[in-house]
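Those protein sequences? They're chains A and B, same order as listed. First residue of the first sequence: 0, per numbering that gives the first Met the number 0; consecutive thereafter. First residue of the second sequence: 0, per numbering that gives the first Met the number 0; consecutive thereafter.
Bear in mind the hints are in silico, worked out from the structure with no lab data behind them. Incorrect hints may have been included.
[What the hints assert, rightly or not] Lysine-lysine pairs mimicking BS3-like chemistry, simulated, CA-CA at most 27 Å apart: (1) A:Lys153 x B:Lys182; (2) B:Lys13 x A:Lys490; (3) B:Lys74 x A:Lys115; (4) B:Lys498 x B:Lys483; (5) B:Lys56 x A:Lys394; (6) A:Lys343 x B:Lys56; (7) A:Lys498 x B:Lys307; (8) A:Lys115 x A:Lys182; (9) A:Lys202 x B:Lys153; (10) A:Lys490 x B:Lys115; (11) A:Lys153 x B:Lys233; (12) A:Lys434 x B:Lys228; (13) B:Lys13 x B:Lys182; (14) B:Lys56 x A:Lys131; (15) B:Lys202 x A:Lys498; (16) A:Lys153 x B:Lys153; (17) A:Lys343 x A:Lys434.
[Stated by the list, open to error] The following label-pair restraints were derived from C-beta to C-beta distances: (18) A:Glu492 x B:Ser284: 11 to 21 Å; (19) B:His81 x A:Lys4: 20 to 30 Å; (20) A:Asp290 x B:Ser284: 40 to 50 Å; (21) B:His81 x A:His81: 34 to 44 Å; (22) A:Cys132 x B:Cys92: 30 to 40 Å; (23) B:Gly112 x A:Asp475: 55 to 65 Å.
[As the list claims (entries may be wrong)] Counterexamples of contact, computed for chain A against chain B with all Cβ distances above 12 Å: (24) Ile18; (25) Ser39; (26) Glu91; (27) Thr99; (28) Gly107; (29) Asn143; (30) Phe172; (31) Ala188; (32) Leu265; (33) Asp311; (34) Gly320; (35) Trp321; (36) His338; (37) Arg420; (38) Leu464.
For glycine and all other residues, C-beta sits at the position ideal for the given N, C-alpha and C.
Number of protein chains: 2
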Amino acid sequence: MSDGKYENIMEIAKNRGFIWPSFELYGGAAGFYDLGPLGSSLKDKILQEWRQFYVNKEGCLEIDSPNIFPEEVLKASGHVDHFTDVMIECSECGETYEVTDLVKEMTGRDIEGWEKEDMEELINENNIGCPKCGGSLENIHDFNTMFRTAIGPKGGRTAYLRPETAQTIFVDFNRLQRLARRKLPFGVAQIGRGYRNEISPRKGIIRLREFSMAEVEVFFDPENPGHPKFERVKDEPMRLWTAEAQKRGDEEYIEVTAEDAVERDLIINELLSYHMAFAKRFLLSVGIPEDVIRLREQVSGERAHYSKETWDLEVLTEDFGWVEVAGLAYRTDYDLSQHSEFSKTDLTVYYQEEGEEEGRKILPHVVEPSFGVDRVLYCVMEHSFIQTDDGEYFKFNRELAPVEAYVFPLIDGDGLPEESREILQTMRDEGIFAKYDESGSIGRRYARADEIGTPYCITIDHQTLEDSTVTIRDRDSTNQVRVKVEELPEKIEDLLDGKIQFEESGESV
Amino acid sequence: MSDGKYENIMEIAKNRGFIWPSFELYGGAAGFYDLGPLGSSLKDKILQEWRQFYVNKEGCLEIDSPNIFPEEVLKASGHVDHFTDVMIECSECGETYEVTDLVKEMTGRDIEGWEKEDMEELINENNIGCPKCGGSLENIHDFNTMFRTAIGPKGGRTAYLRPETAQTIFVDFNRLQRLARRKLPFGVAQIGRGYRNEISPRKGIIRLREFSMAEVEVFFDPENPGHPKFERVKDEPMRLWTAEAQKRGDEEYIEVTAEDAVERDLIINELLSYHMAFAKRFLLSVGIPEDVIRLREQVSGERAHYSKETWDLEVLTEDFGWVEVAGLAYRTDYDLSQHSEFSKTDLTVYYQEEGEEEGRKILPHVVEPSFGVDRVLYCVMEHSFIQTDDGEYFKFNRELAPVEAYVFPLIDGDGLPEESREILQTMRDEGIFAKYDESGSIGRRYARADEIGTPYCITIDHQTLEDSTVTIRDRDSTNQVRVKVEELPEKIEDLLDGKIQFEESGESV
């Protein structure tokens, strides 16, 4: 990790209360971060937008299930056997390393998906020793990266913290398909924590041991892999980096619409293409620019055990290069078929397509858009981060700004702080996320509000006491208007919703 | 658990997709429940209202931190030593029991807080055997009810799933007090999962092993335990059941305002009284009626190890009696003092009150409102549940209704389904949580929508095709109005927000 933009952003993030390492009081714990008040608000707003996309617009059913899974579920899903990383240990100091990360760091080579024997050979050939003490590395083996626990007393029932939220959606499939009235395709969404007991996490908030996920499982008839609303996204341009190009060693992208990608067989079916375009639109809507987004097809060695075709939705960052913020996986009927076998339960659907005379019993296939919420959050921060001669600040989309409005008394006296606090409370009671600041010059207070991306600052001055009006200042134009106090909450709400333009919101100052 | 209202509600809850037992496919796991699409939406809306109360109106800082805690944190907090239940085992069949639950069930006596020796004596005296096989009970001992895990490879660092969200707020105190600019009092909120590895959970969603919490820690100067906004709640009536009355054996409540409760020394200070009244108002706002709410003071034996005075905010239910949905605990400086000692870090604040000449170094005290979200959810369901001759339904507050509007084509043909789907999509794109139903008579569809508390049903009929108008039906009055399609989303939004009355929203039908 270089000492670049990431460090710069994280420094502000810590001081202003976006993000900081967890358990600092006890020396910290690698792979765990807290979201402070601003980070928590930003995350909440990103998730609200995600729900608007997947639950409201797309009509997915949303569920909310436990983080603790009994072992049987993860036996069936394959995670007990396959959710592993390859680990190696130093014979001198005992430090442990995840082998693909280590080799990448030391040689630049990507060996994900290799056999352990080949990895070992490469390490020996390249004389890779312990980066910490130089000791020799030994005991290469698979390490299951699930956190293990037990339910109940006396040893209990073996359980794990879920490696993905997806599995309860498969386990609940029979209830869910009844709720969806046996129509296909239908999607089920879930937001929640996921856990991965990384051997040695080293990438700050990009590689966490506990993270927030937002996942959707779309169940469909493999003989009809279309999407009824494909029309809505078919012209969305996508920048694809195919597995074939990667194998050739070409960093050559294909620029193509969602529709053409299917026609040219670049993407396996219309449903997957729909969700790739839809996921990309979500990123645009939270302020990630078009030109730092690409869709990279996973090559055969790196795909998860359940996947037939997977595309990573990636965002370019300054310090980590292209970061996967979502995976779009074609999981086939792998999961339903495994759970059906392990639980000895029929999970087929009797499905009759409109216009067809007879129905068929089918085991639906699955396309999964799966977002890493913390990574989206970081990418939103990096791509909203503006550095100018006047200072550094986050230019968040208005709807995402963690603090919606700041309230300032012009001076600390003459009853202005009291008046300001009353106005603050009225705005808060109306549901506006507003903060109060009375320390330092107005200029310093504007700068502090700007730094965290606050779109509107409200100043209470002596005129307020005379005619009950206040000024609103717009972050982006720095223009100011004067409005009546009684109209203030509604104006701010309408400005945040984009219902009115700033200039028409009051009298120009 | 009797076969009463709870079973009745849970039956509908399962069928319609509010709540069902987790991992049913694998025989279930006691103490774990999933929220289906309706339950998840209802929970989200309850939490939005909670945020409006505590984060917006009250101005608390909200944070979001990991579920996994390294052991040191919980050593310091006292949970490793004190977060225990008393367990006893059957010498024949090996079944395990939580002793206070077992004794309550078998004798009706409440022995919470008793010494283990006294419990054992009582069991022997009353000849209590294993309820399952009649075998004798033995090996009474403390069982720590935290879920244990480990971070990292090779045995790792001992860790637990958090028993409460509160602890990261204490661990982060130094960062948080800087963000609050060293002003007192200030509150910090956190919403997230909590875990308790119950010995043998038996009360459905009232006693979970994994649950959702919404907690606030309010830090204050013990010499000035007032609340700057006490004025706003001082007249709130509260029904108190004091520890003294309980010790006397009286089920006698004191009806008193928040202000009088402090003046009469019934509540230890103004800040705690403020938060008791505020928490009660939150319950009212999500539809729990005044007359099923009480505040019960915990008696000395049942208080947690950190508490000096605790009031349980309780709601009366038909099958579980009075259920604690929130605890209002005066935690003193216990937590900050413990973390300060264990981490060898100074956690005092240099605090200068307005008007005072000199500041003081103080270790703030804490008042904690802590909500069990799943219990609030259940109580909202029970107290919204209406049984009439026409059927059973949930009369949720409009703002809480999990589905905001249903869209129906009058008949399945003549282009009405297509038109309906277009209107549905427009409403969804505008952020309304709307569903579609085309099966059965309109009467049946109204009934299904009513059952889950949907406030508005929109019907598309032949007139729609002619003049682009639809009908809206109001759940509570069953009145209908006709409105223009283009005005529909805004009308529904305004109706949900209570900005317009139903009768004035369109032309009466």
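Here is what the structure says about each hint:
1. A:Lys153 x B:Lys182: violated (48 Å)
2. B:Lys13 x A:Lys490: Roughly 43 Å between the alpha carbons, so the hint for B:Lys13 and A:Lys490 is violated.
3. B:Lys74 x A:Lys115: Answer violated: B:Lys74 to A:Lys115 is near 40 Å, above 27 Å.
4. B:Lys498 x B:Lys483: With Cα atoms ~18 Å apart, B:Lys498 and B:Lys483 stay inside 27 Å; holds.
5. B:Lys56 x A:Lys394: holds (26 Å)
6. A:Lys343 x B:Lys56: violated (52 Å)
7. A:Lys498 x B:Lys307: violated (51 Å)
8. A:Lys115 x A:Lys182: With Cα atoms ~44 Å apart, A:Lys115 and A:Lys182 exceed 27 Å; violated.
9. A:Lys202 x B:Lys153: Holds, at about 21 Å.
10. A:Lys490 x B:Lys115: Since the Cα atoms of A:Lys490 and B:Lys115 sit roughly 63 Å apart, the hinted pair is violated (cutoff 27 Å).
11. A:Lys153 x B:Lys233: Outside the cut-off at roughly 50 Å; violated.
12. A:Lys434 x B:Lys228: Satisfied, since the Cα-Cα distance of roughly 16 Å is no more than 27 Å.
13. B:Lys13 x B:Lys182: violated (48 Å)
14. B:Lys56 x A:Lys131: violated (51 Å)
15. B:Lys202 x A:Lys498: violated (48 Å)
16. A:Lys153 x B:Lys153: holds (23 Å)
17. A:Lys343 x A:Lys434: violated (56 Å)
18. A:Glu492 x B:Ser284: 11 to 21 Å: For B:Ser284 against A:Glu492, whose Cβ atoms are near 20 Å apart, the range 11 to 21 Å holds.
19. B:His81 x A:Lys4: 20 to 30 Å: violated (45 Å)
20. A:Asp290 x B:Ser284: 40 to 50 Å: Cβ of A:Asp290 to Cβ of B:Ser284: about 46 Å, so the range 40 to 50 Å holds.
21. B:His81 x A:His81: 34 to 44 Å: Given range 34 to 44 Å: holds, Cβ gap about 40 Å.
22. A:Cys132 x B:Cys92: 30 to 40 Å: violated (54 Å)
23. B:Gly112 x A:Asp475: 55 to 65 Å: At 60 Å between Cβs, range holds.
24. Ile18: violated (10 Å)
25. Ser39: violated (4 Å)
26. Glu91: The assertion about A:Glu91 holds, with a minimum of 15 Å to chain B.
27. Thr99: About 15 Å separates A:Thr99 from the closest Cβ of chain B, which puts it past 12 Å; holds.
28. Gly107: Since the minimum Cβ distance to chain B is about 25 Å, A:Gly107 lies beyond 12 Å and the statement holds.
29. Asn143: Non-interface label on A:Asn143 violated, nearest chain B Cβ at 10 Å vs cutoff 12 Å.
30. Phe172: violated (8 Å)
31. Ala188: Violated, since 9 Å does not exceed 12 Å.
32. Leu265: Correct as stated: the minimum Cβ-Cβ distance to chain B is 28 Å, above 12 Å.
33. Asp311: holds (25 Å)
34. Gly320: The claim holds: A:Gly320 sits with its nearest Cβ about 26 Å from chain B, beyond 12 Å.
35. Trp321: holds (27 Å)
36. His338: violated (6 Å)
37. Arg420: violated (9 Å)
38. Leu464: holds (21 Å)
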